[in-house]
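A.B. asks: Given chain A, put chain B in place with the hints provided.
Each protein sequence line maps, in turn, to chains A and B.
The numbering of the first sequence is our numbering, which starts it at 1 and goes up by one.
The numbering of the second sequence is our numbering, which starts it at 1 and goes up by one.
Incorrect hints may appear among the rest.
[As the list claims (entries may be wrong)] No farther apart than 30 Å at their CA atoms in a straight line, the calculated lysine-lysine pairs in the DSBU-like style are these:
hint: 1; chain 1: B; residue 1: Lys146; chain 2: B; residue 2: Lys236
hint: 2; chain 1: B; residue 1: Lys342; chain 2: B; residue 2: Lys84
hint: 3; chain 1: B; residue 1: Lys377; chain 2: A; residue 2: Lys369
hint: 4; chain 1: B; residue 1: Lys377; chain 2: A; residue 2: Lys370
Derived from the structure by calculation, the hints contain no laboratory data.
There are 2 protein chains.
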Amino acid sequence: MKRTTLSIAICLAAMTGYGQTQDSIMFRRISDEILLHGTCYENLRVLCKTVGHRLSGTPAAAKAVTWGEKAMKEAGADKVWLQKVNVPYWYRGKESLELRLNGSYKKVPALSLGNSEGTGGKPMEAQVVMVGSFDEYKALPEKDVKGKIVFFNYRFRQDFVNSFDGYGDAVAYRWNSPNVAAKRGAAGVIIRSMSTGMDDHPHTGSMHYEDSLAVKLPEMAIGNETADALEAACKKGAVSARMTSECHMMKDMVPSFNVIGEIKGTEQPERIITVGGHLDSWDVGEGAHDDGAGCVQSIEVIRALKAIGYRPRYTIRAVLFMNEENGNKGGHAYADSAVARKEQHVVAFESDAGGFSPRGIGLEMSEAKKNHIRQYKHLFLPYNVYDFDHEEGGVDISPLYHKHKVPMAGLMPDSQRYFDVHHTPNDVFEQVNHRELKLGAAVMAQFVYLVCEHGLE
Amino acid sequence: MKRTTLSIAICLAAMTGYGQTQDSIMFRRISDEILLHGTCYENLRVLCKTVGHRLSGTPAAAKAVTWGEKAMKEAGADKVWLQKVNVPYWYRGKESLELRLNGSYKKVPALSLGNSEGTGGKPMEAQVVMVGSFDEYKALPEKDVKGKIVFFNYRFRQDFVNSFDGYGDAVAYRWNSPNVAAKRGAAGVIIRSMSTGMDDHPHTGSMHYEDSLAVKLPEMAIGNETADALEAACKKGAVSARMTSECHMMKDMVPSFNVIGEIKGTEQPERIITVGGHLDSWDVGEGAHDDGAGCVQSIEVIRALKAIGYRPRYTIRAVLFMNEENGNKGGHAYADSAVARKEQHVVAFESDAGGFSPRGIGLEMSEAKKNHIRQYKHLFLPYNVYDFDHEEGGVDISPLYHKHKVPMAGLMPDSQRYFDVHHTPNDVFEQVNHRELKLGAAVMAQFVYLVCEHGLE
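Isolated chain A, as found in the complex:
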């Protein structure tokens, strides 16, 4: 009896050891496959250089859908299809911002914020009132701001180590300034970009108008160098600005698509793991980090798992979502379809924080599920992934989480460089490093493998 017990103990230990070894070996096979033969970097080059930026509703976004479908097929997905999504179409048109800092007007680099209404293409000229915060603005006498262009000079805080904390801290000035300003009679808004950059790139991004407000003020972002110059000039004396912009939201929605590819599960094909990124981008640069990276990494998960001959228990889907930037219609369409079809989603994993070196996997799910994942932390450490303590998912998969209670996870790459290029003309292919991009894809594929093998109950 003693002997039998011992044998069982040895056997169990050996099995556990074997299981661990098997997982480590598979993690390594996935990493080797992607680091040595990954096609995500080349895919990103093609997306960036032949499609370029691809705002929802534009012909470029339609071209990106065609690219995505082809790339997904080339990756070896068992099935590839397009899922219909109606998306808003915001039109930028011509725009300019001129500042009179001393004497004469001079054009400066500027971008209207996404979803905003412009000046109807006509110059709108007014004195500039600079404030450092919403509170400072609200404290000014109404006569001092009425008819003025308000410069919200709130700085992106560089003291946060995780730059997403700085973004979270500052982004209300992009999202909400026209509403705050309109309530006290201002004529327009200029903001300091949501930027860690030591340069002059303006950063676009979405804003919104409160339904209750009849007035829709134009809003433009300027880069840090221009903002510094404007700040200095405002401190010295009177400054005026001339905003001219044609931008507006089109009345009609435009038909578009999510691109979906999958590997059919062998044992429980009805259970689905989703990995994804978003295919649309802002209408500047090439949407390389945001979020071409997430798209090509998701496609790479399919390609690599196929290439190493892995036969997953569950169905694995890669989804290139449409319209994350200004509506999240793709995310909602995917979640609605999942609910309508009564799909069983095990987990959804998004990469939408740039194609940088991975550091962690954010987990937004029950504590029990988090702890289930965390017991495999040591498997990720050789791939420089150590952080499983943050709640992160992704905008595109959040409707799945909210409507369908699907656990979600988010790739957490190093954040130092993201807000230098985010939503700027400088978010181009050349800003992405091939090894960093591939390592991120490897970690996504490893996570998918892990959930396939060990479930997430």
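C.D. replies: Only chain B this time, still in chain A's reference frame:
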């Protein structure tokens, strides 16, 4: 009595709590000071753009010494001085590599390896013999290699997650190929660069000649794209190459300097903590990551600790070492001086792995000392530094470690991008991100603070 015991317990708990809080607060102050007001990025710009590359013995290296002395003074060091070092001077001169892959000769991007002897400026033409490894070379009949130019086509392994492992694996082909080749009568050597780059930059770096060999073969490195083309051509048929190079080691050593700045310790000034990087670089690019970054970070440690008014118990020294790349004369001079003056060195900390986002601190010291440091790991985690499990120091501080048994530590930044630019014309200021550079400096200053406060016995 019970009450007293309890009081002592509470008191001790409070003190421990207080100590922890104090450390956390100081870590934050250091980080805030550097992320918000750090001058290291601007210092790096000046070094890269006004001095540029600065190989030991060159006028540029002398200019870099002057720059370093000034920067150290501006940082607020209590004392700044130059330490004499005699360094070798390797002269590159004109060089070209032409390949006849099909029909006619065409010039390709190539760099002679550092310390190598060229062709005396005269063209040296021979057939190319390609081998994948030393073993493959040794297995060839001598008649097949005699008088030939050997192309050592060993690939930098991209499957290592830590790219320094790939470098360690491949670097013998740069360091030793001319010796291996000469022993069997070859006329010259071409190597595939030690490069993770998906580009055509050749990477220079040091090589050596064995004393026992009378023949000093010329050695040139080519970038990955040229190497791929050469590989393909060699597989097809006969290929020849024409090497022309003037490079040679100058007979005489040249006087140069380590640049040293220090903050005098308040309680035990005789005990010294050294932080450093190396001031010399290869003679291409701007030596931005290698190792301008380590220099400006070391200066930043002095500046930031001064700026926040920290009064260290021990003396803190920042050292810009001369001649790491091809001789390590600066490191030896510093260690020799330490021995001669009977200096008491507590620890030496080097940054020479690029100005990338920090991930860990390598520790090369006794297990007891390692464990002493590791008990403060949690303090570094908010700064994304989690890895204290590797033995790393630095070339410059290694003589201090070997001759003087001084514990050494090395900053471990993310390694993914380093070997794309290392020793290439592309190691320029623009490759360095301001936040990544500053975070590395913050971690160095935090480490120095920690050792000042808690010792390292």
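A.B. asks: The structure should be examined with respect to each hint, and the outcome stated for every one.
C.D. replies: Comparing the hints with the structure gives:
no.	hint	result
1	Lys146/B to Lys236/B	21 Å, holds
2	Lys342/B to Lys84/B	18 Å, holds
3	Lys377/B to Lys369/A	27 Å, holds
4	Lys377/B to Lys370/A	23 Å, holds
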